[in-house]
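Colleague: Below are the chains, spelled out letter by letter.
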Amino acid sequence: MKRSFVASAAICAVAGLVLSGCGSSGNNGEAANGDITLTFLGADYGTGPADSSTAYWQKVAADFHKANPKITVKVSTINWNDYDTKVKTQLQNKDYPDILQGEFFPQYATDHLLAPLSDVMTNPDAGLAVFKDGFSVGGVQYGIPFDTSARALFYNKLAFTDAGITNPPTTWDELKTDAGKLKAKGYIGYALPLGPEEAQAESYLWMLGNGGGWQNSSGKYAINSAENIETFQFLKGLVDAGDTEPNPATYDRTADSATAFAQGKVGMESNGPFLTATIAAAGKLTTSDYAAVPMPGKTGPLTQTLGVADALQVFKGSATKLAAVKKFLDFALNDDNQLAWAKKYALLPGTQSAAAKLENDPILGAFVKALPNTVLYPSDSNWTATVLPAIKKSIGTAVTGDPSKVLGQLQDLATSGS
Amino acid sequence: MTAQALDAPAGRRARRRRPIRFSTKKLVCAVLAYIVALIFLVPYAEMVVAAARPKDQLTDPTILPSHFDWSNFKTLWSTGLGRNLQVSLEVAGGATLLVLLVALPAAYYTARQQFRGRTAFLLLVLVTQMFQPTAMLVGIYKEFSSFGLTDSVFGLILVNAGFNMAFATWILNAYFSSIPVELEEAAMVDGTGRLGALLRITLPLAWPGVVTALIFTFISAWNELVIALILTTTPSKQPLTVALDSYIGGYQIDWGHLFAASAIATIPVIVLFAAIERKVVGGLTAGSIK
Amino acid sequence: MAETVTARTFSRRRSLAPLLWLGPALVLILLVVLTPVFIMLRTAFRNIDAIGFDHGWAGWRNFRQVFHEPDLHAVLLRTVWWVVAVVVITMVFSLALAALFNQTFPGRRVARWALIAPWAASVFMTAVVFRWMLQPGSGLINVLMHRFGLLDKIGDNASHADWLGRPEAAFWWMIAVAVFVSIPFTTYALLAGLQTIPPEVYEAARVDGSSTMRSYVSITLPLLRPALTVATLINIMNVFNSFPIIWEMTRGGPGDQTATTTVFMYQIKAQSIPEAAAMSVVNFGFVIVIVLVFLKASRWKEQVS
Numbered sequence: 001m002k003r004s005f006v007a008s009a010a011i012c013a014v015a016g017l018v019l020s021g022c023g024s025s026g027n028n029g030e031a032a033n034g035d036i037t038l039t040f041l042g043a044d045y046g047t048g049p050a051d052s053s054t055a056y057w058q059k060v061a062a063d064f065h066k067a068n069p070k071i072t073v074k075v076s077t078i079n080w081n082d083y084d085t086k087v088k089t090q091l092q093n094k095d096y097p098d099i100l101q102g103e104f105f106p107q108y109a110t111d112h113l114l115a116p117l118s119d120v121m122t123n124p125d126a127g128l129a130v131f132k133d134g135f136s137v138g139g140v141q142y143g144i145p146f147d148t149s150a151r152a153l154f155y156n157k158l159a160f161t162d163a164g165i166t167n168p169p170t171t172w173d174e175l176k177t178d179a180g181k182l183k184a185k186g187y188i189g190y191a192l193p194l195g196p197e198e199a200q201a202e203s204y205l206w207m208l209g210n211g212g213g214w215q216n217s218s219g220k221y222a223i224n225s226a227e228n229i230e231t232f233q234f235l236k237g238l239v240d241a242g243d244t245e246p247n248p249a250t251y252d253r254t255a256d257s258a259t260a261f262a263q264g265k266v267g268m269e270s271n272g273p274f275l276t277a278t279i280a281a282a283g284k285l286t287t288s289d290y291a292a293v294p295m296p297g298k299t300g301p302l303t304q305t306l307g308v309a310d311a312l313q314v315f316k317g318s319a320t321k322l323a324a325v326k327k328f329l330d331f332a333l334n335d336d337n338q339l340a341w342a343k344k345y346a347l348l349p350g351t352q353s354a355a356a357k358l359e360n361d362p363i364l365g366a367f368v369k370a371l372p373n374t375v376l377y378p379s380d381s382n383w384t385a386t387v388l389p390a391i392k393k394s395i396g397t398a399v400t401g402d403p404s405k406v407l408g409q410l411q412d413l414a415t416s417g418s
Numbered sequence: 001m002t003a004q005a006l007d008a009p010a011g012r013r014a015r016r017r018r019p020i021r022f023s024t025k026k027l028v029c030a031v032l033a034y035i036v037a038l039i040f041l042v043p044y045a046e047m048v049v050a051a052a053r054p055k056d057q058l059t060d061p062t063i064l065p066s067h068f069d070w071s072n073f074k075t076l077w078s079t080g081l082g083r084n085l086q087v088s089l090e091v092a093g094g095a096t097l098l099v100l101l102v103a104l105p106a107a108y109y110t111a112r113q114q115f116r117g118r119t120a121f122l123l124l125v126l127v128t129q130m131f132q133p134t135a136m137l138v139g140i141y142k143e144f145s146s147f148g149l150t151d152s153v154f155g156l157i158l159v160n161a162g163f164n165m166a167f168a169t170w171i172l173n174a175y176f177s178s179i180p181v182e183l184e185e186a187a188m189v190d191g192t193g194r195l196g197a198l199l200r201i202t203l204p205l206a207w208p209g210v211v212t213a214l215i216f217t218f219i220s221a222w223n224e225l226v227i228a229l230i231l232t233t234t235p236s237k238q239p240l241t242v243a244l245d246s247y248i249g250g251y252q253i254d255w256g257h258l259f260a261a262s263a264i265a266t267i268p269v270i271v272l273f274a275a276i277e278r279k280v281v282g283g284l285t286a287g288s289i290k
Numbered sequence: 001m002a003e004t005v006t007a008r009t010f011s012r013r014r015s016l017a018p019l020l021w022l023g024p025a026l027v028l029i030l031l032v033v034l035t036p037v038f039i040m041l042r043t044a045f046r047n048i049d050a051i052g053f054d055h056g057w058a059g060w061r062n063f064r065q066v067f068h069e070p071d072l073h074a075v076l077l078r079t080v081w082w083v084v085a086v087v088v089i090t091m092v093f094s095l096a097l098a099a100l101f102n103q104t105f106p107g108r109r110v111a112r113w114a115l116i117a118p119w120a121a122s123v124f125m126t127a128v129v130f131r132w133m134l135q136p137g138s139g140l141i142n143v144l145m146h147r148f149g150l151l152d153k154i155g156d157n158a159s160h161a162d163w164l165g166r167p168e169a170a171f172w173w174m175i176a177v178a179v180f181v182s183i184p185f186t187t188y189a190l191l192a193g194l195q196t197i198p199p200e201v202y203e204a205a206r207v208d209g210s211s212t213m214r215s216y217v218s219i220t221l222p223l224l225r226p227a228l229t230v231a232t233l234i235n236i237m238n239v240f241n242s243f244p245i246i247w248e249m250t251r252g253g254p255g256d257q258t259a260t261t262t263v264f265m266y267q268i269k270a271q272s273i274p275e276a277a278a279m280s281v282v283n284f285g286f287v288i289v290i291v292l293v294f295l296k297a298s299r300w301k302e303q304v305s
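Residue numbers (this note's numbering), protein chains in the order written: chain A, 1 to 418; chain B, 1 to 290; chain C, 1 to 305.
List of simulated lysine to any residue pairs, SDA-like, C-alpha gap at most 20 Å:
#  : chain 1 : residue 1 : chain 2 : residue 2
1  : B       : K25       : C       : G209
2  : A       : K185      : C       : I154
3  : B       : K55       : A       : L158
4  : A       : K74       : A       : F315
5  : A       : K183      : C       : K153
6  : B       : K25       : C       : E203
7  : A       : K88       : C       : G52
8  : A       : K181      : C       : G155
9  : A       : K343      : B       : Y251
10 : A       : K405      : A       : S416
11 : A       : K132      : A       : S118
The hints are simulated quantities; they were obtained by calculation from the structure and are not laboratory data.
The following block holds chain A by itself, in its conformation from the complex (with noise of 0.2 Å):
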């Protein structure tokens, strides 16, 4: 009894001490000589440590030092399947980075975490316009787009000329049908990778054929619309002819469909332009096999694509500090620096200069003239809080169960927090 009592004692001890103690360590990065060390904490884009962002960011912070010896940018950087896990464990210990780079969390900036971004850079209109409200609150920009990205059509040329198709889908029914001849063929017709990786972006891409989204026009969630429900009874279709691969709710971007259209298997999908990187390292295909269209949609083409940003954030500092970060940032978002970081993953740059720059590359150049034209994901808390969670797990079901039930469901989720 009295030993229990004593483990009991020392429990809450440790765990008081715990929590408590924890938070940040003291030390600011602020030596008395002047010296300043800024934490960077990154997403790594890159596939194994020979091409991770860890070297990339070492290397710019590293010519960062040269030109301001007072200055040292201490980086890390985390993979992207693991990003939120360990960021959200990390932010929720109060263990807060002086830069973040990766997912935008308005939350941080409604909390009053954030620096606005007038304070830490020389030209806070460098970004692309099209993603500024999206890193916005209440109207004060916090984030800056560091790399975006705009989806389109692949198609690989070689499975076309072997199912006898000439052209590449403008509408939903042509889609359709060169879906069937390229199913009979032996290839995927169309990959739909609606499992839980990125399934809100393959969704969002066919609701804007049919006018429909996320939200309606009066930025209210409108998830099971008519025209949304329409779309995946659409999709089910597809499905059920066998136009896609069988089973979408467990089919996921990178692992299944990038990979199988690097090899060859699959007739068309929607993509971003990091697909090209992943042909080019399997060396099946060549440039010229394949190419992107933009993407089919009831009645023709999408006029306006689904762009996708991360973001550059700043968490608040002293003044000191946000100096230091102001220069570093004008530094690591200069033309040449995005411009590496865009050839090195097949993105694209997040200022409008760098982007300029790309417009008439012979891969990228496509992806970079959609960009200022395209539509976004919700910016609300509510979005990454509670809804995409829910998306990523469920929609995939809609195609193979009841879309109405299934966007029903997530529009209550949607609704009801709210």
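Since the structure of chain A is provided, determine the placement of chains B and C on it from the hints.
Modeller: Just chains B and C now, kept in the frame of chain A:
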């Protein structure tokens, strides 16, 4: 008990001297065992084959590619995998050592002494086995970062030791209990202290248990991924599992290197096991001398 | 005087002795396991938002949310099914394999090494490689099944070959993988148990004229019982907590149709941190119930005393 034990080795020796007879039973056993062994090796052989597939045959529907391309195994090393291998060895080795240091006395004492709280202790140890580490990531991170033990080999040693101690304690406790206390008492009468008796008499007899605990701890520390992902960020401080995980990228998966590195990662464990298995078998037969 | 001092130090040493021997173990448990558990428990009763801000005490709200999850019932049932199926199949196979590998035959050592491969490799990689081997168009398992005429058609759009896309088939395959990775340890534990049985016992049975099967049931199994109990117990806990197999092969999907409670907890975590903590607490209660049921059924107390 003792009398029977003394007879046993003699009986075994006599049997062993008999020439090997190729009975049907033996043949059937051997064939069955080989088939089972083959089935258990298939996934890992496929790992090697997939790693050695030429790029353009990666997803061909064939059992083997037309030729093998071993370049994935060579290019691995230029990316610092050797360093990750070293971290893994340090973590798994350190955790194994720590578990033995901590679990041996606890297991021995609980096996030999009746004291208040003995059952409570054994149950507490059992309960620690029931928690899923993924459920405790936030707590682990909070605690270890407040002690400055992130990005540290020592931190990983502590975590792995903590989560594997339960099994080691239980199995060692079982082994110690099965060794007759009379043997130790005899040694203590001869003037050897309790510690001496433990080291000289009991420990050698419990060796198979020690080896089992050792292998179990080493393997599970070697393969731990989820906590290492949370606790380490610097590539040179990360164990092999985390380095492996990075081949599954956000935009691409490098199947070739992933499988090549996985195959390499299993080799040290197999070597350890092969080196120690003879002792397990030897120890196991010794364990029957009660 | 001298006598009393000795007696007193002795008794004090006696009362402190357990702490001396068990102390290091207790410290390790306290630091590494119990402290995070305490933090988890606390989280389950807090109102923490999606990005980790703590808005105060939440009472039982997180638990109410867990119990209102529409799929909880199905997930709990599936988990029981998962644990029972994996553990029972593992034990049956391991008993057979332990008996087989306990025979003497040429090459036994090499065959035993092969058996440990799934134990030596990480479960995470084994799951990845099984997912790879089950790819509908090119996976080795499908290619082999097709060659032996067990599968009508393979290809990236062949629906029968897409095992992991269909929840029921996927679940059975994942049970198979879980059995596959559980067998090595279990077989070795039983093998160790088998080898502690003195050969004389069998010789006596042979003199009695018992058949091999009968002596196995009447002699081997009862003597193996301690090893069987411990191996089953460890398997129950491991299989219940098993995460990488399902996560790597299906992510618990489609939806949560192949999730066990552990995977379900992880899925919840993406939406609500405190609800996931509450789910972890529920999980812990659940595994204790399963273990208690097992211990009662196996009459563990009798065995120990």
